[in-house]
Structures are given as structure tokens and as C-alpha cells.
Amino acid sequence: MSRLEILNLAGLRHDNRRPYELRSLALSLSPSPTADGSAQVTQGLTTVQASVFGPREPRQRAAAAHDKASVVVEVGVVPWAQGQGGSRSRGDKRLLEIGAAIRQTFEPVILTHLYPRSEITVQVQVLAADGGILPTAINAVTLALIDAGISMLDYVTAVSVGLHLKQAMLDLSAPEESDLPTLVVAALPESGRVTLAQMETRLHVDRFEEMLRLGVAACSVLKEEMEAAVKQRTTRVVERMAISAKGAAKDD
Amino acid sequence: MPREIEPPSVQKEFLESALAEGKRLDGRLPLEQRKFTLTFGAELGSVECRLGKTAVLAQVTATIVKPRDDRPYEGFLQITSEISPMASSVFEAGRASEDEVMITRLLEKSIRRTEAVDREALCIVAGEKVWHLRLTLHFLSVAGNLLDCASLAAMAALRHFRKPELEVLGDETIVHSPDERAPVPLAIHHTPLCLTFAYFEGLQPILDPSHIEEILAAGTMTITLNAQRELCVLSKAGGSPLSVDDVMDVVRVGVERVRENVKTIEEALENDKKSRVVEVL
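Protein chains in written order, with the numbering used here: chain A, 54 to 305; chain B, 14 to 294.
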């Protein structure tokens, strides 16, 4: 395989994006009819579906807390998600880590004290993986929780930020992710505060601040998109309710 | 599964009101780390680190194995850690809890993924023989902040360890015992160390949380830095949200702290070297 040119002379990335350009984003709410709330988020070639069940009675009595809801997150990757081999079992440490990160991100954002003695289960399924599994999963979980009507402080949006030489880049694809230092930022766009930040590669401290600020700015852009999707869906639901209400009124 | 009893709310209130005055229950300042001591074992590469009452024993061993086919020049560094019930009764033998997974993964990321140990220098004969280093961490007692203590112990052990001198003659490899030839230290690029900060709602962050502080905190953040001012790993998984400036403040504090900790490790290694006969000149 030839070496990947991260940024060509024209300043474009390997998929012809500019450094600060996000991948194409597709959001759909309630794709799963059986869940209390669900959402599918596609960012470039990465697709993640999240389903929310609950608030419901805890499966394990011992896990219940008397004054708040407990949040359970399970992450799975379908065997064909990654292309060439490398299927992951349920006990995979990396998946457990992603699950724990998602749970800890949402626990303080969900108003858990409104649902005492109950459990909110989030199922995350990665359908196609091309970099940025964690940020895409966080975006999907936010939409799924909203779809389920669970009270939250704010949207949580997430994005990955990379650094090539001195150029920061947003929303990395898998080939870029394997070559660059990557930072995943999840923020509450309303307050601009960071709830999750994860980085795994060596990076000079001075460069880090720039990446973090860029990530937070990108998170608020994502929020606009997500809010538009939620409003569109809600408008449609309301319209249908209005039609059925009219129909019911006629019948009387 | 045994679950720890949650501390009473009075204790939480007391701790938070003390912290609001800038005081901690054990008399430390908010950004003060507990003193750590390194005790070197009889063997090279065996170190016990005590951070306050938290204790971790790290042991490095090396064997010669065949490398992977796709990476014929690379040796192995395997990090194994298991938190046994010896450390605290809340840990179960054999089953990894979520905390344990997080600790192990973070250590792996801090030490292996940042290439602290030059793995190509572990090659003996390309495609045939390489060193396989095994870093085993034993958690002896838990009094908060296992991760930082483990990372101190691990890096001290790796820097303390020496692999036997080798001689390659054609197809044959001769391993010289330490009595014949002085063993050689590992090629180590940098010394990444973890620092954990705990947050309480509306209060300033505290460094090196004790057990009770860890339980009551609204969230923790771990950063791994080296003495070259490089950020190796940053992990803030949820917890109470922070502003960008808060995060950067903590990173700046960490830079100074890590530089001092690396110096302490180096001094301890230097002292141990004086008391130990490794090389006969």
C-alpha cells in the first residue's frame, strides 16, 4: 500500500475535504420500532445505530439506586463493519472501554434523579466503521435519548480532531486516524464545556489547546444539525397527530 | 458481587465544605501529591511503589521468543495487571471489573502505545528471535489513585530492568548470565507518567485523590505526560463537564508535577545503582 498523503499541495485531504470540513452527516430518528427511542447516525462511511430502552424496571435488582436511574450501555460491532477481518467479541476490552466512556458521558447529562429505581439501557451497534466510532456513537446516543423522551441537560455532541504537522483537522476517517494524533472531544454545546476528552498519541502540550478549542467549536456546529433533525421529526409527528385528531373529530 | 458501602452524605458535605476552604481531609493542599517511595527488590526490574498507602509491585521479566511474521524486527512488551482481592475486598478474583479494565487500558496506552520502550531494540535475530518483555503489576493495597501509583511503579521497573547480554555467532545465540557479563538496560525513549485529578462540582480540581475523594468526586481526569512537555494520553470519560480553560490549567499543573516525579524516580534509580553491583569494571 502506498503511503497516504494526509494533506496534498492544494491543502485537501485524501477524501478531498478541507481540513475543517466534516464528513457528510445523515441523521435518522426512530429507525428501530421496538426500542423506546432510537437513532442512526452516519458520518462519512461510519454508521452507528443506538437504541434506548427505558426508563424501565432494572433487570438486576442489585443495580437499582433508590434516588436515581442507572444507565447501562452495551456496545457491539457487527462482524462485517470493519472490512478485512478483525471481528470483535462482546468481551473485547476496547468495546468495554467505549461503553464505559459513553455511560460516564451521559450519566451526568441525563437527569437521572427524575427516574428513581429505574434503568435506562442503551444499545450501541456499529454497522460500518471508518474511523470515529466513539464520536459517532455519542452523537447517535444523544439523538436516541432525545427520541426516547428522556430528560437531559443539553445535547452532547462529539467529534474527532487530528493534527498533521501544524494543521488541525476535523472528523478523521480511518486511514487518517491511524496516522495522526487523534483527540476525541465531546461537549455540551450550550455551555461550551467539555464532558469527554480522549487522546492516545504523543502531542506537545501547546498544540493540544488549539485542538481542544477547535473540537468544542465543531461540536456546536454538529448540535445545529442535530437540533434541525429533531425538530423536523417532531414537526412530522405533530402534523400526523393533527391529521389523526382531525379524522377523529370528523368521526364524532 | 460485594459492593462497597456508600459513604454517608455527612461525609460528603464535610469533605466538600473543607475543600471549599482549600483544605483536604488528609491535610494536603488541593494540588499536592502524596509522597511516593520506591523500594527496589533483589532482582533487577522489581520495584514496589508506595503512594501514600496505595502500593503496587511491578516486576519485569524477559524471555526469548519468535517474532510475529508481519513484524520481524519488533520485540514484545506485554503488560499484565490483575487487581486481586488482596488489594481490597471489593475486587473479585478472575473477573475484571469496569474500573480494572479502565486502569489496564490506560496503562497500556500510556506505556505501550506511546512507544516508551523501543521495541525494535528488542530484536536479536530478525524474524527468528526477539525479546519478549513481560511487565506484571500486582496491586497490593488500595487507598486511592491506583493508576498513578501503577504507572510510577511500571516506569521505574522498566528503567531498573536489565536484559542479559547476548552474543550472536552465526545461527547460535549465547545468553550470558549476569555473572559473566554485565546485563544491559532497555532502550527507553521517554518516561510517561499518569496524573489523576478529581473534580467536585464548583470547586477547584484536586491532584492525586485518596480513596474517599475518588468515590465522592463528580468526575476524574487522567493525563499522561513526560518530562519533554508532551501530552501522551488524556482521558476524561464523562463526569462533570469542564471548560477548556479548566482542562488547560490542569495540563499546565501536570507538566511541572511530572518533571519533578521523573526527577525523583531518577534519583531513586541512581541511589539503587550505588548500592548494587551490576558491572564489574
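Treat the hints as calculated values from the structure; they're not laboratory data.
One or more of the hints may lead you astray.
A partial selection of chain A residues facing chain B, derived with a Cβ cut-off under 8 Å [to be verified]: (1) Leu60; (2) Ala63; (3) Phe106; (4) Ala250; (5) Glu263.
Cβ pair distances, simulated, as ranges [what the hints assert, rightly or not]: (6) B/Glu214 with A/Glu262: 39 to 47 Å; (7) B/Tyr86 with A/Ala117: 37 to 45 Å; (8) A/Asn69 with B/Arg41: 47 to 55 Å; (9) A/Lys146 with B/Leu38: 44 to 52 Å.
The beta carbon of each residue, even a glycine, is placed where N, CA and C say it ideally should be.
Unmet hints by their number, sorted upward, for this structure: Of the numbered hints given earlier, those the structure breaks are 1, 2, 3, 5, 6, 7 and 9, listed in rising order.
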